[in-house]
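Colleague: So the chains spell out like this:
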Amino acid sequence: MKEHWMGTLLLALDLSGTFVFALSGATAGIKKRLDLFGVLVLSFAAGNAGGIARDVLIGAVPPAALATWYYLAVSLLAGVVTFWRPAGIDRLRNPVLLFDAAGLGLFAVAGTQKALNFGLNPVMAALLGMLTGIGGGMTRDLFLTEVPIVLRADIYALAALAGAAVVVIGSAVRLPATAVTIAGAALCFALRYLAMCRGWRLPVADDPQPPKTPAPKDRKDDGGSL
Amino acid sequence: MKEHWMGTLLLALDLSGTFVFALSGATAGIKKRLDLFGVLVLSFAAGNAGGIARDVLIGAVPPAALATWYYLAVSLLAGVVTFWRPAGIDRLRNPVLLFDAAGLGLFAVAGTQKALNFGLNPVMAALLGMLTGIGGGMTRDLFLTEVPIVLRADIYALAALAGAAVVVIGSAVRLPATAVTIAGAALCFALRYLAMCRGWRLPVADDPQPPKTPAPKDRKDDGGSL
Amino acid sequence: MKEHWMGTLLLALDLSGTFVFALSGATAGIKKRLDLFGVLVLSFAAGNAGGIARDVLIGAVPPAALATWYYLAVSLLAGVVTFWRPAGIDRLRNPVLLFDAAGLGLFAVAGTQKALNFGLNPVMAALLGMLTGIGGGMTRDLFLTEVPIVLRADIYALAALAGAAVVVIGSAVRLPATAVTIAGAALCFALRYLAMCRGWRLPVADDPQPPKTPAPKDRKDDGGSL
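Chains as they are written, first to last, in this note's numbering: chain A, 14 to 239; chain B, 14 to 239; chain C, 14 to 239.
The shape of chain A in the complex, shown without the other chains (with noise of 0.2 Å):
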């Protein structure tokens, strides 16, 4: 029973998440000038890579974003309305940097959760519970041949790093699944909401190389808060 209980609720965040990622897989191709086909590959990878890459690598195969249609449905919705309305989109980019960290901290809690069902050991959980979050995006990236945004600005992995550890710390002192699911996810869309509304980010380290041409906002990265 409650087994059954948790798998519909993984579901229902899984499939929340996956839209909104979509969503910007979809933004990204269209801006790349890829066709329909490309947009909608796009929308699938951004929406499903994470997801797909912690299933392969927990050794839940099929992964879940293949198995049923559900995934690919809410995908391809995404990518098409994305594909017709790009300007409808544009306009909402507000609304969809909100509901992308909602879909981090939703993606980072479940896949913290699979990972932890399935037998890893908590610190490599909450990692997968992580590259649940940020892999779409990392996927999305690698295919326009950019190098993946999160490796390079904003607090982003990190908060979804943050939601994964609550999730696995409360599970290893045995809190209530749901109220640890909810309060993983909210701390961090929290977390991101303040780092986009402040401009938080994490030090870049001086190279000792640099190239021709070193710009000067490239000075103040001591390297000191984090």
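Misleading hints may appear alongside valid ones.
All copies of an identical chain are treated as equivalent in the list; a pair is satisfied when it fits inside any one copy or across any two copies.
[To be verified] EDC-like mimics (lysine to aspartate or glutamate), calculated; alpha carbons at most 16 Å apart, straight line: (1) Lys45 - Asp113; (2) Lys45 - Asp219; (3) Lys45 - Glu159; (4) Lys44 - Asp219; (5) Lys44 - Asp167.
These are calculated hints, taken from the structure and not from any lab test.
Dock chains B and C against chain A, hints included.
Modeller: Using the frame of chain A, we list chains B and C on its own:
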């Protein structure tokens, strides 16, 4: 008995497709000035990455391409031939495009068959058949840090999907596997051939925020390049 | 007993190689101006992606690099050290190249051993050993949207392949595993070291359709009837 026959058919299809796809990988690698090892890696990747991805996703590990040395040998042969006779392969550009269309059809139906055999639902089996067909070329392009051509131009993946759909539908209504396989591969080949001859393309969306130099129309670049 | 000993040997080899490879990932990430998180991801990827790919392909999931926290800890340590002391690591460039050659040998033989243990045939086991050695560096380069250096220059993968071949052949003729492992790693290290010192390179093919600036020697492709 029938199982065995099916297995032999799948193997023959796979190896034929592997060779022509490996040619495309080797050609691309030589154009990017890879060394001999790089060219052989590109040959193997272009010929096998689609099938390997499919096998990892459906849980058929080790993937067929790694379980025997056949696929490796066929890929290396294609790579070596291309490496020492690039001009010869280049002169065969049109035949190679034809063989590539044939390989696409073979991979799509073989991949769909295998996914069905592993119990995937029909919609996702067709998608995995398509992935089998396009995965090698995508990996080839990504290794060379190019946005996969299949996401940008031409009717390519859709032809594979149409062939895969024939297999899935034929299997659902219990038509003979051989007939269905041939019909699917033929449909894919025909669609791809027509798309090349007539320059069929998928639509590209209007970008709501075009970059600095907005092109008034879609770039007419590189239709049908391998 | 012997199983246990083998396992400990493999673990020690893997962790040593992981650290030096992670250094290369962190250094590359810093050069591309990734933030701290990005540098740590590159460290982990460069140190572990080869082994993870091998484990996924042979069905050893969750991969060893995710089953314990050892690999993560070693990778993060390398990343953090490089991040806060990039100048120090840079001064150690030559030692690091030496350690990288040692890591390559260790990974190649350990990867080959593991693939043999999982029942792969000798040829493909050697290839998977090579993949273990070069997969991390390839992933590092692809994350930074560069054509993997291993495909373009130097004798690197071939050295790994030679070491892997020693393990495969030694195993086939039932020589003691320890001796074979050491001999394979030593051969790989020696080849890689010589290749670095003497600038050994693999041939690059003539491109039949050179880009804008055709080198004069590209002209010689005349007589190749296929």
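Colleague: Compare the structure with each hint and give your call.
Modeller: Hint check results:
1. Lys45 - Asp113: neither (20 Å within a copy, 26 Å between copies)
2. Lys45 - Asp219: For Lys45 and Asp219, only the inter-copy Cα distance (11 Å) is at most 16 Å; the intra-copy one is 31 Å.
3. Lys45 - Glu159: both (11 Å within a copy, 12 Å between copies)
4. Lys44 - Asp219: Classified as between: cross-chain Cα gap 9 Å, same-chain 32 Å, threshold 16 Å.
5. Lys44 - Asp167: Cα proximity of Lys44 and Asp167: none, with 21 Å in one copy and 18 Å across.
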